[in-house]
Amino acid sequence: GAGVSQSPSNKVTEKGKDVELRCDPISGHTALYWYRQSLGQGLEFLIYFQGNSAPDKSGLPSDRFSAERTGGSVSTLTIQRTQQEDSAVYLCASSQTGAKNIQYFGAGTRLSVL
Amino acid sequence: EDKVVQSPLSLVVHEGDTVTLNCSYEVTNFRSLLWYKQEKKAPTFLFMLTSSGIEKKSGRLSSILDKKELFSILNITATQTGDSAVYLCAVEAQGAQKLVFGQGTRLTINP
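Here the protein sequences line up with chains V and E, keeping their order. Numbered by my numbering, the letters in the first sequence go through residues 1 to 114 in order. Numbered by my numbering, the letters in the second sequence go through residues 1001 to 1111 in order.
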């Protein structure tokens, strides 16, 4: 696609429910990243994929968070048993492998946990 | 731990003014520094800087990196209301791939 596409754009859920967020990267980009942006804060790294493998999961805040990527393309971020502190904008980015790691971002999913 | 600090956190100026946004960093094995503009949701890429003293320029925006003093500045001349946004600075370490972001500077341009 022309840009990074994320869905849904907004998600409202009740505390304790599971949610899935989707990211479709730029065609041909092998690297994919998930970040979280809480109100008034900078972006916080969650996880990085190279192809289908995740060499860096160091930013996942708890074992309620998981992500997968299939076919070297679409990725889903799953949050189980959501808590109010999970409320944030979840941003996905993709980049080409190479010397210049310019990450291009999607518009994000705004998650609100009631 | 890698760290990025931006200043000021918020800035309000009049249209036509020139602004300078600051970004200082601490990172092990620096690879690059990036600037993004975030208006509504998606941060959009502005500049990538890897070498000291070489100015990157795009229209009214320019940026430079000082690897000795560990900072970068983003200049915007003849500001317009469309420049109103949050400007994010991020650094990448060698071999790390992930970006470490600062808190951002919220710039407001009043007509």
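Accuracy of the hints is not assured; some may be wrong.
[Said to hold, decoys possible] Per the computed footprint, the stretches of chain E lying under chain V, defined by three or more beta-carbons under 8 Å from a beta-carbon of chain V, are:
1. 1067 to 1080
2. 1084 to 1098
3. 1101 to 1109
Since the hints were derived computationally from the structure, they do not count as laboratory data. Idealized CB from N, CA, C, for every residue including glycine.
Tested hints:
Counting residues of the region 1067 to 1080 of chain E whose C-beta sits closer than 8 Å to any C-beta of chain V gives 0, which falls short of three, so the coverage hint is violated. Counting residues of the region 1084 to 1098 of chain E whose C-beta sits closer than 8 Å to any C-beta of chain V gives 6, which meets the bar of three, so the coverage hint holds. Given a C-beta distance limit of less than 8 Å, the hint that chain V covers the region 1101 to 1109 of chain E holds, as 4 residues qualify and 3 suffice.
Checked against the numbered hints above, the structure breaks only hint 1 and satisfies the rest.
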